[in-house]
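Going down the list, the protein sequences come from chains A and B.
Residue numbering for the first sequence follows the working numbering, beginning at 4 and increasing consecutively.
Residue numbering for the second sequence follows the working numbering, beginning at 369 and increasing consecutively.
Simulated from the structure, these hints should not be mistaken for lab results.
All C-beta atoms in this analysis are idealised placements derived from N, C-alpha and C, irrespective of residue type, glycine included.
Treat the hints with caution; some may be incorrect.
With the Cβ distance kept under 10 Å, some of the chain B side facing chain A (calculated, not the full set) [unchecked claim]:
#1 Arg396
#2 Ala400
#3 Ser591
#4 Asp615
#5 Gly616
#6 Glu619
#7 Glu642
#8 Gly648
Here chain A is said to cover these stretches of chain B; the calculated rule only asks that three of the stretch's residues, wherever they fall, bring their Cβ under 8 Å from a Cβ of chain A [unchecked claim]:
#9 429-436
#10 450-464
#11 553-560
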Amino acid sequence: MRDLGALRAEAFPEPAVRARARSGAANAFPDLDGYGHVLFGADTAHPAVPADPLDGLRLVPPVFVPHRLAKLVELAREPMYRDVVLETMVGGLRSTLPLYLSAFGSTQAASVDHGLAASRQAGRLGIPMVVGENVMPVNGYGRIEDDPERSMLGRINAYLAQALDGYGGVVVQQSTEDADAEVWNLVYSDPNVQALLDSGRLAFELKVGQGAKPGLGGMTVLDADTAAGLADAFAMDPVFGAGGHGVVLRCSTPGTFTEEILRQQIRLMRNNFPRAKVWVKLPPARDVRAAALVAWGAGADAVTVDGAEGGTGWAPLAFLQHVGLPLGECLRRIGQHPSCLLVSGRMWEGTRVAKCLALGANAAGLGRAALLAVDTDPENGLMNLVDCLALELQMLTSALGKYHVGALAPEDVWSAEGTSAG
Amino acid sequence: MAQAHPAGSPRAHLSSPVTRSVLTIQHRMLTAAREFLCRRGFTELLLPIIGPVTDPGARGAKPVDLDYYGHRYKLMTSAIMYKQTSLTTFDAIFCVAPNVRLEPLETSLTSRHLAEFHQLDVELAGASRDEAMQLAEQLVGYVVQQVLTHLPGELAGLGRDAGAFADLLSESFERRTHSDAVADLCGMGHGQNPDAEIDWAGEAMLSQKASRPFFITDYPKGSRGFYDKEDPERPGVLRNFDLIAPDGYGELCSGSERENDYPTLVARIRETGENPAKYGWYLQMVREGIPGSAGFGVGLERFTRYIAGLDSVWQAVAYPKVPGIASP
Chain A
4 MRDLGALRAE AFPEPAVRAR ARSGAANAFP DLDGYGHVLF GADTAHPAVP
54 ADPLDGLRLV PPVFVPHRLA KLVELAREPM YRDVVLETMV GGLRSTLPLY
104 LSAFGSTQAA SVDHGLAASR QAGRLGIPMV VGENVMPVNG YGRIEDDPER
154 SMLGRINAYL AQALDGYGGV VVQQSTEDAD AEVWNLVYSD PNVQALLDSG
204 RLAFELKVGQ GAKPGLGGMT VLDADTAAGL ADAFAMDPVF GAGGHGVVLR
254 CSTPGTFTEE ILRQQIRLMR NNFPRAKVWV KLPPARDVRA AALVAWGAGA
304 DAVTVDGAEG GTGWAPLAFL QHVGLPLGEC LRRIGQHPSC LLVSGRMWEG
354 TRVAKCLALG ANAAGLGRAA LLAVDTDPEN GLMNLVDCLA LELQMLTSAL
404 GKYHVGALAP EDVWSAEGTS AG
Chain B
369 MAQAHPAGSP RAHLSSPVTR SVLTIQHRML TAAREFLCRR GFTELLLPII
419 GPVTDPGARG AKPVDLDYYG HRYKLMTSAI MYKQTSLTTF DAIFCVAPNV
469 RLEPLETSLT SRHLAEFHQL DVELAGASRD EAMQLAEQLV GYVVQQVLTH
519 LPGELAGLGR DAGAFADLLS ESFERRTHSD AVADLCGMGH GQNPDAEIDW
569 AGEAMLSQKA SRPFFITDYP KGSRGFYDKE DPERPGVLRN FDLIAPDGYG
619 ELCSGSEREN DYPTLVARIR ETGENPAKYG WYLQMVREGI PGSAGFGVGL
669 ERFTRYIAGL DSVWQAVAYP KVPGIASP
């Protein structure tokens, strides 16, 4: 069957994501049609991106399970995988799951409708939602624009209208360029957002970089008319020339950071917005550990690391294929750490999330998978996808003899180098 | 949006005897401040109220954007950059500058925030922080003395006891560092972030304990604007100050020795998260050279509130703009 929807993600397991978005948890299992007459096993002919150490890891259950005994005592019966608790704190926000909705940015694929559909479903799920850096400069804020639904406030209101009481939150991203738009100041002083502030569910994310193109700023392709309207705020590069049908590349700067600049930016965020949580998004850089430690040391509630697999995808080919650390290597370099670590990049199913949690992450972000899911089913696609992912997480965690996702640890994974699964 | 006027209606506020007394006192305060500064050789300038950039240092507040012939301009949140660059004309300047800051709504509960207010801005070329603090102390003392001398009836009518200023007029203002203030607050059971400005509640607690105005100095970098000079002897500590009124009235004035070194300013602007490109005109002047200076801004309405003994700062304005309230 041909998948419905307008989006394509050829470098991503698109059919599998769409299948989950259509029918949810059933997709944690092989196709029932094959039951009894098809043999399954690892697909060695089509390995995943080989450079990511996460793909070389296996989750390895033990025989002896003291955590299960503790749960058995608590429940007075043998625990089941549905007894695994998924609720966790995600960057200072209470979340029903160790998941959050990543920023989509303002690429064409992340259309306003997709953004709204994902916002509603993230609200219903009770997971935090990150609103991308460029939503406001490109679509407006929404207080006095003609079409407020398309704006940043439209996204926030869509989330709030369906939000699960006491859970989740909205994380507003800002980077060097849109500091000019003073997005955080606007949100923080907006009466429409007071409910989030009063319930401790507003966070600001400082975007230091991103996975798809570490070392570069944000990039989108714009038609000439739109570009003209944004020429004051962004650099426009006519890289597509005459054959580009009038479209240009909109570029942000990556911003200049030293340890001191990062430290002071975070302190200033805490000083200026004391009631908002502070998140810091790092690219998969070679000094990711040093940067993360500076961020936590300056008081960030969470550090988000976007692996080189991350991003809604649009980036120079050179960067997509040859630049940045894979997420597994970022996690290895960060190692032991003092505070909340969030990860994103090619997340859509339970094993990758579980491996990341075992290696020190507290939660994982859904980006492309969420977009494909709402493209498949605008009403329930993300809910279904997450339903399936949550079931897998519960099964995997209980198989590892644990009953809270936060208990996953390096001992639960094994690699051919023999570095873990002790 | 909340009610249309904090006093019920513009007419009720404007025709109130309290408002008339308060604005009479404020008029006298302005006259006194001008006398004081002009006698010391300061020139009064009229500084812009719109420009391509403004002070980003205002704690969480949103500057107002406006469309200036297709360019995004700002209403001034403070005149700081113009104060510094004006010293290429005169060595000592002051102005009564209107400022607009769309403050976070929580500030409507502090009794001392307005979305539109005025600062008595003072800047002195070649001055140190100590000289600026001395000047601020003398200015405040002079203005208080002038109001007490000329308008005892107005103060009495407002129920303001002149004895409230006895310590102010007889003793110099105490000085304490930010880290001492943080330690005081922690000792009082208040969890003050040591890297940040003193929060509203903490400031009220410190103010409540005092019987005369006092300075807090040496704020940490990351809590203030990029233009406050970092102490070269003590990295991370700024050569700045706040002047806090006693009896719970809180902050009256902020000031500092200013940074005027071009590469340092560019790095400091980055530390506030911004692209220095938007400060083009200012950085160009700094690069070509502006005098080192120190200065301060006294919140005129807050100062009025303190002298008149008002419950809330909006009472010190003819047309108050309380954060979040859409009044005329």
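A quick look at each hint next to the structure:
| no. | hint | verdict |
| --- | --- | --- |
| 1 | Arg396 | violated, 34 Å |
| 2 | Ala400 | violated, 34 Å |
| 3 | Ser591 | holds, 5 Å |
| 4 | Asp615 | violated, 25 Å |
| 5 | Gly616 | violated, 20 Å |
| 6 | Glu619 | violated, 15 Å |
| 7 | Glu642 | holds, 5 Å |
| 8 | Gly648 | violated, 12 Å |
| 9 | 429-436 | holds (count 3) |
| 10 | 450-464 | violated (count 0) |
| 11 | 553-560 | violated (count 0) |
Hints 1, 2, 4, 5, 6, 8, 10, 11, counting from the list given before, are not met by this structure.
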